[in-house]
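Novice: If you're matching them up, the sequences are chains A and B in order.
With this note's numbering as the guide, the letters of the first sequence map in order to residues 1 to 374.
With this note's numbering as the guide, the letters of the second sequence map in order to residues 1 to 291.
Simulated from the structure, these hints should not be mistaken for lab results.
Just to be clear, a hint being listed does not mean it is correct.
Claimed, not checked - No farther apart than 25 Å at their CA atoms in a straight line, the calculated lysine to aspartate or glutamate pairs in the DMTMM-like style are these:
#, chain 1, residue 1, chain 2, residue 2
1, A, K74, B, D73
2, A, K209, A, E160
3, A, K62, B, E187
Stated by the list, open to error - FRET-style restraints, in silico, Cβ to Cβ:
#, chain 1, residue 1, chain 2, residue 2, range
4, A, L169, B, M132, 35 to 41 Å
5, B, M132, A, D95, 33 to 39 Å
6, A, T200, B, K121, 43 to 49 Å
7, B, G180, A, A167, 52 to 58 Å
8, A, F294, B, G180, 55 to 61 Å
9, A, K131, B, I92, 56 to 62 Å
10, A, L169, B, L179, 27 to 33 Å
11, B, V266, A, L169, 37 to 43 Å
12, B, L179, A, D95, 24 to 30 Å
13, B, V266, A, D112, 48 to 54 Å
14, B, V134, A, Y13, 36 to 42 Å
15, A, D95, B, F29, 40 to 46 Å
All C-beta atoms, glycine included, are put in the ideal place defined by N, C-alpha and C.
The residues making up each chain are set out below.
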Amino acid sequence: MAGVVFEHVYKRYAGNVVAITDMNVQIKDKEFMVLVGPSGCGKSTALRMVAGLEEISDGEVKIGDRVVNDVAPKDRDIAMVFQSYALYPHMSVYDNLSFGLKLRKTPKAEIDKRVREAAKILGLEPFLERKPKALSGGQRQRVALGRAIVRQPKAFLMDEPLSNLDAKLRVETRVNILKLHQRLQTTFIYVTHDQVEAMTMGDRIVVMKDGYVQQVDTPDTLYHHPVNMFVAGFIGSPAMNFLPVRIGGDGQTALHGEGFDVPVEERLLSEAGAERGQEVIMGVRPEDLKDPRFAGRDGLPKVPAKVEVIESMGSEIFAYFNIGGKTMTSRMDPRSGDMQPGQTTQVAVDTSHLHLFDPKSEKALVSGGKPAAN
Amino acid sequence: MATRALEIAGPRRSAWRQALENVPIHVFFIVAGVLWALPAIGLLVTSLRPVGLFTVTGWWTIFTGTGGQVGIDNYRHLFDSPLLAGSFVNSILIAVPATIIPVLFATLSAYAFTWLNFPGKTIFFLLLIALMVVPLQMALIPVAQLYGFIGPPGIVKVFLFHAAFALPYATFLFRNFFLGIPHELLESGRMDGANDWRIFRTIILPLAYPAIASFAVFQFLWVWNDLLVGLVFAGNTPPVTVAILQQMRNFGSSVDVISAASFLSVIPPLLLFFAFQRYFVQGLLAGSVKG
Chain A
1 MAGVVFEHVY
11 KRYAGNVVAI
21 TDMNVQIKDK
31 EFMVLVGPSG
41 CGKSTALRMV
51 AGLEEISDGE
61 VKIGDRVVND
71 VAPKDRDIAM
81 VFQSYALYPH
91 MSVYDNLSFG
101 LKLRKTPKAE
111 IDKRVREAAK
121 ILGLEPFLER
131 KPKALSGGQR
141 QRVALGRAIV
151 RQPKAFLMDE
161 PLSNLDAKLR
171 VETRVNILKL
181 HQRLQTTFIY
191 VTHDQVEAMT
201 MGDRIVVMKD
211 GYVQQVDTPD
221 TLYHHPVNMF
231 VAGFIGSPAM
241 NFLPVRIGGD
251 GQTALHGEGF
261 DVPVEERLLS
271 EAGAERGQEV
281 IMGVRPEDLK
291 DPRFAGRDGL
301 PKVPAKVEVI
311 ESMGSEIFAY
321 FNIGGKTMTS
331 RMDPRSGDMQ
341 PGQTTQVAVD
351 TSHLHLFDPK
361 SEKALVSGGK
371 PAAN
Chain B
1 MATRALEIAG
11 PRRSAWRQAL
21 ENVPIHVFFI
31 VAGVLWALPA
41 IGLLVTSLRP
51 VGLFTVTGWW
61 TIFTGTGGQV
71 GIDNYRHLFD
81 SPLLAGSFVN
91 SILIAVPATI
101 IPVLFATLSA
111 YAFTWLNFPG
121 KTIFFLLLIA
131 LMVVPLQMAL
141 IPVAQLYGFI
151 GPPGIVKVFL
161 FHAAFALPYA
171 TFLFRNFFLG
181 IPHELLESGR
191 MDGANDWRIF
201 RTIILPLAYP
211 AIASFAVFQF
221 LWVWNDLLVG
231 LVFAGNTPPV
241 TVAILQQMRN
251 FGSSVDVISA
261 ASFLSVIPPL
271 LLFFAFQRYF
281 VQGLLAGSVK
291 G
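Take these sequences, add in the hints, and give me the full structure.
Specialist: Okay, structure coming up:
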């Protein structure tokens, strides 16, 4: 059991390709940390550097108190679950599970005990004598997990372990991995491109893009207080709506958009360092665009909107509106399903969780209704 | 009842039709098969007929009853000549090491060329591939000179020559096969605590069985059927091919002995083929099936 620390870590490939730039992340002991980002953002590379499968170009990676830059993978006392599972095709499940222990010269009785224990946790007992090719995708995935469990490592590394499973099994396995984490009380580092997986699983999440760490925080904070437009747009489904607006107003401060005004508190803007006349980008979460009839609160600013498409999910509806020439998504109560496509209506904007971004730096000025901390 | 009978008759009739439609295909393959097997059958029959008859009547006359007696005398006479009998042992002593040596060395070098990083890797590999175009005949004289200098026994001369010439191709073949093995498997092994040697032995080699088997069958057949290298280097320990050639009588037919010996010489490679048939087919399909 140990924390993992990235200190000014860089990864450069031949030909001056930089995969990771100045990564600084502290993963605490027993934490479930998720690295998330679009493909090519460097999340897998970061994980592979912890594993020792990828050289560290600059900076330090520590497992516990030990700098592991030059430590061989086998001496780092960590276990990894690969996306493709990487099971040894010619070995039985039992041999797959025990291979790592055998190489470490663990006594036979101890190996057997640990393998049977892991098999019991994962429900693999009936399959111990089978070869991987005689297993289903979900079973193979569990063998891959089991191979990591028996090692009793200081940290588990997982590289998109669910992406080869079908949707239903993925949700099921997600829960099982979380249970496993509670049971084992070990550090987990989990890489995924799926923000839903990241949000549901992580104690904390590292959002990455183009080799840069964007934000490291709890799922809640990432969702409500994203530090920039990338995080705001990446986390949350459906994604946050963005609208270009200008700060202005006669008397009362307001955000002017194409054909609408949204009043805001003057104090908030001044604390955020935004000035009158400045062009900014307003970010609104789908659930903050409301049907005025069911908003449950009076006095919300309303903007004119044209209904484009209504998608019913049963428990809620996703409505797509044309507001100020842009398509905006809203998440509404099913009662609003009586709106007709093509109809012009009014949409209430709940500004208590308002986001404003600088259009050039894309950094947040106002995040979740509060001045951004930068 | 009537409708039910019709229902049953329906598919049955179409099955009949299908069988009829297949008749020309079956006929074609039977004819092709017979034509293909004809020389081998002729050889077998000839090897069973007494000396002298060969020049008088054709081998097919035994099927019309006018061809005279058949028997295994020729085979018995074969072993009167100690040279010929011994040549079978020689052939095995040549073909086995000539197969094992390239497998041992080429799997190792293919592992290095596939997964290890060392300076000059690409150049070495290209050089190795370039060696595949060197015709075997070109090397006979320089190697003969070298052998003359060192002077190993004839059998060693022959199998070393074959082994050396198989190495580039074998390395190429195994490397191509290894490229199809996902690198996560090696990384997983590395995380499990295995070094390169252990990964090679416990993960890569078992997975490479089909490739090794298919190479081994090809190489064994090639060496077993080789005449030229044996003729040049074997000296007084000739392999079967050379020994058969030596049965030629100066002024008379030697077809009786040659046919019998030839037929016998086909048996070991045939056994090998059937023993490894499974791997042989797998080797041809290698890489097409996900592990």
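Novice: Next step is simple, just say for each hint if it's right about the structure.
Specialist: Structure-based check of each hint:
1. A:K74 / B:D73: violated (68 Å)
2. A:K209 / A:E160: Given that 25 Å is the threshold and the Cα spacing comes to 17 Å, the pair holds.
3. A:K62 / B:E187: Holds, at roughly 20 Å.
4. A:L169 / B:M132: 35 to 41 Å: violated (48 Å)
5. B:M132 / A:D95: 33 to 39 Å: holds (38 Å)
6. A:T200 / B:K121: 43 to 49 Å: Roughly 45 Å apart at Cβ, these two residues keep to the hinted range, so it holds.
7. B:G180 / A:A167: 52 to 58 Å: Check failed, 30 Å falls outside 52 to 58 Å.
8. A:F294 / B:G180: 55 to 61 Å: Holds, at about 59 Å.
9. A:K131 / B:I92: 56 to 62 Å: violated (35 Å)
10. A:L169 / B:L179: 27 to 33 Å: holds (31 Å)
11. B:V266 / A:L169: 37 to 43 Å: Hint violated: Cβ distance 55 Å, outside 37 to 43 Å.
12. B:L179 / A:D95: 24 to 30 Å: holds (25 Å)
13. B:V266 / A:D112: 48 to 54 Å: holds (51 Å)
14. B:V134 / A:Y13: 36 to 42 Å: 37 Å Cβ-Cβ, so the 36 to 42 Å window holds.
15. A:D95 / B:F29: 40 to 46 Å: holds (44 Å)
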